[in-house]
Each structure stands twice: as structure tokens, then as C-alpha cells.
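J.: Chain by chain, the residues:
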Amino acid sequence: MSADQAIHPPDLDNSPKKRGRSRSGTRSGLERSSARLGWAFASPALLLVAAVTIFPIVFSLIMSFSNVNVTGDGFSLSGFTGHNFSIVFTSDLWQHAIVFTTLYTIVTVIVEIILGTAIALVLERLTASRGWMMALLLLPWAIITVISAQLWSYVYNGVYGVLNVVLSPLNGGHDINVLGGSFSATAAMAVADIWKTTPFVAIIALAGLVMLPGDIVEAARIDGANAWTIFWRVRLPLLRPTLSIAVLFRILQAFGLFDLPYVLTGGGPGDSTESLALLGWKVMFNDLKFGPGAAVAASTAGIVLIACLVFLKVFRSQVGSEETA
Amino acid sequence: MSTVTAPAATPAPAPARPRRRADGARIITVVAALLVALFVALPLYWMVATAFKSTGDVAADPPQYFPTHPTTANFGSAFHQYNFGRYIENSAVVSVIATLLVLGFGIFAAYALARLPVRGKAGVMMTLLMISLFPTVALAAPLYLLMRDIGWLNSYQGLILAYTALNLPFAIWILRNYFLAIPKEMEEVAWMDGASPVRTVVSIILPQAKPGIFTAGIFAFVACWTEFLIALTLDNDDAHRTIPVGIALFGGQFTTPYGTIFAASAVAMLPIAILVLVFRKAVVSGLTAGAVKG
Chain Y
1 MSADQAIHPP DLDNSPKKRG RSRSGTRSGL ERSSARLGWA FASPALLLVA AVTIFPIVFS
61 LIMSFSNVNV TGDGFSLSGF TGHNFSIVFT SDLWQHAIVF TTLYTIVTVI VEIILGTAIA
121 LVLERLTASR GWMMALLLLP WAIITVISAQ LWSYVYNGVY GVLNVVLSPL NGGHDINVLG
181 GSFSATAAMA VADIWKTTPF VAIIALAGLV MLPGDIVEAA RIDGANAWTI FWRVRLPLLR
241 PTLSIAVLFR ILQAFGLFDL PYVLTGGGPG DSTESLALLG WKVMFNDLKF GPGAAVAAST
301 AGIVLIACLV FLKVFRSQVG SEETA
Chain E
1 MSTVTAPAAT PAPAPARPRR RADGARIITV VAALLVALFV ALPLYWMVAT AFKSTGDVAA
61 DPPQYFPTHP TTANFGSAFH QYNFGRYIEN SAVVSVIATL LVLGFGIFAA YALARLPVRG
121 KAGVMMTLLM ISLFPTVALA APLYLLMRDI GWLNSYQGLI LAYTALNLPF AIWILRNYFL
181 AIPKEMEEVA WMDGASPVRT VVSIILPQAK PGIFTAGIFA FVACWTEFLI ALTLDNDDAH
241 RTIPVGIALF GGQFTTPYGT IFAASAVAML PIAILVLVFR KAVVSGLTAG AVKG
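As they're listed, the protein sequences go chains Y and E.
Heads up: the first sequence is residues 1 to 325, going by UniProt numbering.
Heads up: the second sequence is residues 1 to 294, going by UniProt numbering.
None of these hints come from the bench; they were simulated from the model.
Computed from a predicted model, the values in this text were never measured in an experiment.
Note that the Cβ used here is the ideal one computed from N, Cα and C, for glycine as well.
Take these hints with a grain of salt, some might be off.
[Unchecked claim] From the structure, some residues in chain Y lie toward chain E, with a derived Cβ separation under 10 Å:
| id | residue |
| --- | --- |
| 1 | Ser60 |
| 2 | Trp141 |
| 3 | Pro199 |
Can you make the complete structure from the sequences, with help from the hints?
T.: Encoded structure:
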């Protein structure tokens with residue numbers, strides 16, 4: 001596979017829809033039977049996905065509006081109630097979690113996009129060593145989040161962590177436990193997150209940079225624009241669609257934040273790093289309160305859904321030919 | 001670092017001043033690249049170095065920047081004192097089977113969505129994309145209750161079923177993009193010759209879509225190998241823990257055995273690191289699928 005194929009643009013414009021529609025006026029028997037065949041091929045996968053994802057999502061929604069009784073040999077749902085949501089929405093824990101998750105997402109994603117784009121600009125200028133750098137960047141992306149969380153918890157350890165050893169002289173020789181304070185623990189977690197996910201953004205941004213039409217940049221250069229102007233006035237605007245997709249991917253992932261706080265901070269100190277997903281999970285599986293837990297999960301899903309709609313809007317404007325149903 | 005070497009000087013002789021500026025830019029690029037490489041590599045180095053330190057050296061103050069008395073004791077303790085061998089086995093069984101199922105179901109679904117006149121195709125694709133981005137915590141409780149009902153908690157089949165369904169949407173997206181890029185002519189000839197639909201997919205499409213199938217397979221495998229939330233929810237007894245659950249719950253109440261954890265982590269990351277490094281082009285193409293407009 002050549003490098004050109006590697007950064008392979010999805011062929012979204014070559015939608016079979018267009019071809020199908022042009023012939024749909026005269027649907028032959030063959031077409032009808034291949035429509036059946038299409039469903040025969042697609043339905044096992046789609047039914048499986050529906051059974052394990054869509055059905056539970058709906059079920060979870062029902063649960064969030066019910067009284068859930070879990071006993072030794074089963075569970076039952078009773079009544080339609082808004083009780084779970086009223087408990088959740090008025091609790092300090094939920095209010096804190098939603099503010100924390102939102103702010104954390106905004107800050108980490110902004111840092112990742114700026115850093116990732118900068119790294120992509122560096123990588124673009126590399127020639128022989130670019131392949132090696134790409135390989136290195138893939139490692140944080142591929143690492144098990146739980147492992148990276150353990151790694152950073154060792155780095156941040158308040159007694160023998162390497163960060164403490166570096167920082168404690170600045171603190172008059174006293175130990176520094178970054179995971180001990182609300183703000184510093186949040187910042188420490190953000191650093192761990194940025195380390196793991198910035199490479200993903202950088203790779204996507206690099207793919208976008210490589211795909212930019214060279215002649216426009218060349219024309220700007222001939223017109224006498226310097227590299228700085230070319231970047232801000234020509235390349236960045238052209239790169240924006242790619243970056244916006246990366247942003248939305250990251251926003252959606254970041255709202256599901258769970259593994260990192262579970263291992264690194266346990267949501268603490270206090271509840272200062274407790275994300276919506278962690279809170280929802282704890283309410284369900286530590287407190288065994290499935291109704292309120294489902295309500296927390298539903299509120300997370302609701303926020304993600306809003307983000308999805310934004311995503312769809314951006315996405316549709318980019319692949320105009322695809323969404324014609 | 002030997003991996004980031006400055007490329008050879010540009011052969012074309014240029015006027016003195018622009019060349020000096022170009023050299024300056026080149027130096028800045030190389031320095032920046034080195035900083036990026038250090039930012040990425042140092043934490044990884046720290047993990048591997050710690051894996052080879054004795055328990056005392058792990059907590060040394062000041063830290064040992066290089067293991068002075070390297071030992072493999074941590075690897076022994078991961079496999080003997082802890083149940084890490086079992087976790088690897090569990091992860092391998094679940095990830096391999098789920099990946100094969102994802103490809104088996106996904107190839108036919110993606111073919112149908114790429115080539116056959118399926119109604120509501122755009123809606124199906126959008127729904128799949130949204131599902132693949134949905135926060136899994138919303139699935140945890142209903143899946144847990146469902147699996148509990150049918151007695152599949154702490155089993156392979158429960159986790160395999162969940163992982164297959166969770167990874168199908170993204171796999172279908174990747175595969176469909178590859179299928180769309182394959183010229184239609186050969187399939188049409190096969191159809192004309194009376195080859196059955198299944199045979200057409202197997203003998204015409206599969207060979208041409210190998211890179212895409214690879215990419216989809218690697219993504220599904222990495223996702224299964226690294227998934228934590230669902231595994232923690234469904235399979236948390238010691239005999240059924242996967243690697244992430246095992247590593248998250250390693251250790252006692254008061255101490256965290258970092259040396260052992262990182263020895264186990266290094267072993268757990270080895271297959272993924274090799275897979276990703278060897279097939280990095282396939283991985284990059286999968287990462288950028290959907291993000292870059294064609």
C-alpha cells in the first residue's frame with residue numbers, strides 16, 4: 001500500500017444512491033430481488049446492533065422513568081415516574097458532574113486541537129522520518145486507557161512520583177501530591193488525557209493537510225504571501241472542515257470519560273473529578289440504584305445527542321451528496 | 001533519538017540568504033519533532049523502565065531514571081502471584097472471536113449498504129455512526145440486567161456478544177468506504193455468469209478489499225483489547241477479567257504494585273504495539289476515514 005492509499009479518502013461522493021435513483025423509474029424484477037438480497041445481507045448485522053445497543057438504550061430510557069427493584073433473582077419495573085430525574089437534577093453530585101464534564105471537555109479538546117494541528121504542521125515538514133513519527137504517535141492512541149491511567153498515577157504519586165521529585169524543591173522541599181487537590185487533580189488528569197488523544201488529532205490534521213489542494217497554496221505564494229499568512233488565510237480555512245470533524249469526534253468521546261478517572265482519581269478528591277459517566281456507573285453498580293443511575297446515563301446520552309445533531313449538521317454540509325435519502 | 005533523523009540537505013543550490021532561512025526552518029522543524037517524540041515517548045519509557053525495577057527501586061527517592069539493577073521479577077509476579085496469564089487468555093479469546101464475528105457480519109452488511117438497493121441507506125449509516133459514538137455507560141445497566149437474566153454474567157459469550165455489536169457500526173463504515181472504491185465491473189461479470197451473491201462477495205469483493213478488511217479488523221481488535229467499562233460491568237470476577245479490568249483492579253487496598261502492573265502492562269501492550277506499528281498505514285487510513293473529505 002502506498003502512502004497515498006494509506007491516507008485514503010472515503011469515497012463518499014460515489015454514492016450508489018445516485019445510480020440507483022436514476023434507474024428507479026423502471027424497477028426490474030432483478031432490482032427488486034436484489035433489494036431483498038440487500039436486506040438479507042444487511043439484516044443479521046443490523047439486528048445484532050439493534051438488539052445490543054438500540055434496545056438497551058430504549059430500555060435504559062424506560063428504566064430512568066420507572067421504579068426499578070433489583071432483587072436476588074431478577075428485577076422489576078413499576079410505575080411511570082419523573083422521580084429519578086428530580087432526584088438527579090437536584091443533586092449536587094450531578095450538577096457538579098455536568099459542569100465538570102462540560103468544562104473538562106471544552107478545555108482538553110481546545111488544547112488537543114491546537115497542539116495536534118501544531119504537531120501535524122511539524123510532521124508535514126518532515127520527510128524521511130515522518131513514517132517513524134507516525135508510528136510513535138500511534139502508540140498513545142493504541143494504549144489501553146487503564147494502563148495509561150496507572151502510568152500517570154505513578155508519575156503523580158505524592159511520595160515517590162517523578163513529578164513530585166521534580167517539583168518539590170520549588171515547594172521548599174515539601175512533597176507535592178497533585179492528585180490531592182481538586183484543581184491540580186483535574187489539571188493532572190487533563191494532561192494524561194491530552195497525552196493520549198492529541199496524537200489522534202495530529203494524525204487526522206496531517207491527513208487533512210496532505211489533502212489540501214497544492215495549487216491554491218502555490219498561487220498564494222506566487223502572490224507574495226509569507227508562510228504565516230498562507231497558514232492563517234489559506235490553509236487553516238481549508239483545513240477547518242477536517243478539524244471540525246476531529247473536534248466533534250473528540251467531544252463525543254470526552255463526554256463518555258470513564259476509564260481515566262476510575263483508575264487515576266476514583267473521581268476524587270471528594271467528587272472533584274467525577275465525570276457524568278463515572279457518576280452514573282457508581283450510582284448503578286456501587287449504590288445499586290438503577291433508576292437514578294439510568295437517569296444520569298440518560299442525561300449523558302441527551303447531551304451527546306445534542307452534540308450529535310451539531311455533528312450531523314457539520315457532516316451533512318460536507319458530504320452533500322450522501323444524505324439524500 | 002535515532003528515529004528522528006534530519007533528512008538529507010536539499011540538492012538544489014539556492015541563493016545564500018533564502019537557503020540560510022530554509023536551514024533555520026529545518027532546524028526548528030527537527031527540534032520541534034524531537035520535542036514531540038520526547039513528549040510521546042518519555043511516559044512509555046518510564047513504564048517499561050519501571051517494569052524492570054525491583055520493588056524497592058520502584059519507590060526510590062530520587063527516582064532511578066535508568067534501572068540500575070534490572071530484574072524480571074515483576075513479570076514472574078504478574079503471572080504467578082497475580083492471575084495475569086488468565087486475563088491475557090480471556091482478552092485473547094474475547095477479542096479474537098468478537099473481531100472475527102464483526103468482520104463476518106460486517107462484510108455482508110457493508111456490501112449491501114455499498115452496492116445493493118437498500119432503502120433508507122443514509123439513515124442506516126447515520127444511525128450506525130451515532131451508535132458508534134454513543135457513551136457506553138448508557139448501555140451498562142440494561143446489558144447487565146439482560147446478561148444477569150440469561151445467566152451470561154462472567155462468561156465469554158456475554159462479552160463477545162456485546163463487543164461484536166458495539167464494534168460492528170464502525171467496521172461497517174470503514175468496509176463500506178472501501179467497497180465503494182472498488183470498480184463494479186468484475187462483480188457485474190460474476191453476476192452475469194450466474195455466480196451466487198455470497199460467492200460474488202467472497203471471491204470478487206474480498207480479495208480486492210483486503211486492506212479495508214484489515215483496517216476494520218485491526219480497529220475492532222484494538223477496541224476489544226482496550227475496552228474497560230463493559231468488561232468491568234459484565235465480567236468482574238477474577239477468573240473472567242480481561243486485561244484492562246485486571247490491571248485496573250490489580251493490587252491490594254493499601255499498596256499499588258507499580259512494578260508488577262507495568263510488567264503486565266508491557267506484556268499486554270506488546271501485541272497491540274506490534275500490530276499497530278506493522279500495519280500503521282492501515283490504522284492511519286482507518287483513523288482518517290470519515291474525517292477527510294474525498
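J.: Should the hint that Y:Trp141 touches chain E count as held when the rule is a Cβ pair under 10 Å?
T.: Hint on Y:Trp141: holds, closest Cβ of chain E at ~8 Å, below 10 Å.
J.: Quick check on Y:Pro199 please, does its C-beta sit within 10 Å of some C-beta on chain E?
T.: Nearest chain E Cβ about 7 Å off; hint holds.
J.: Once the shortest beta carbon distance from Y:Ser60 to chain E is found, is it less than 10 Å?
T.: Given a least distance of 5 Å, the restraint on Y:Ser60 holds.
Checked against the numbered hints above, the structure breaks none of them.
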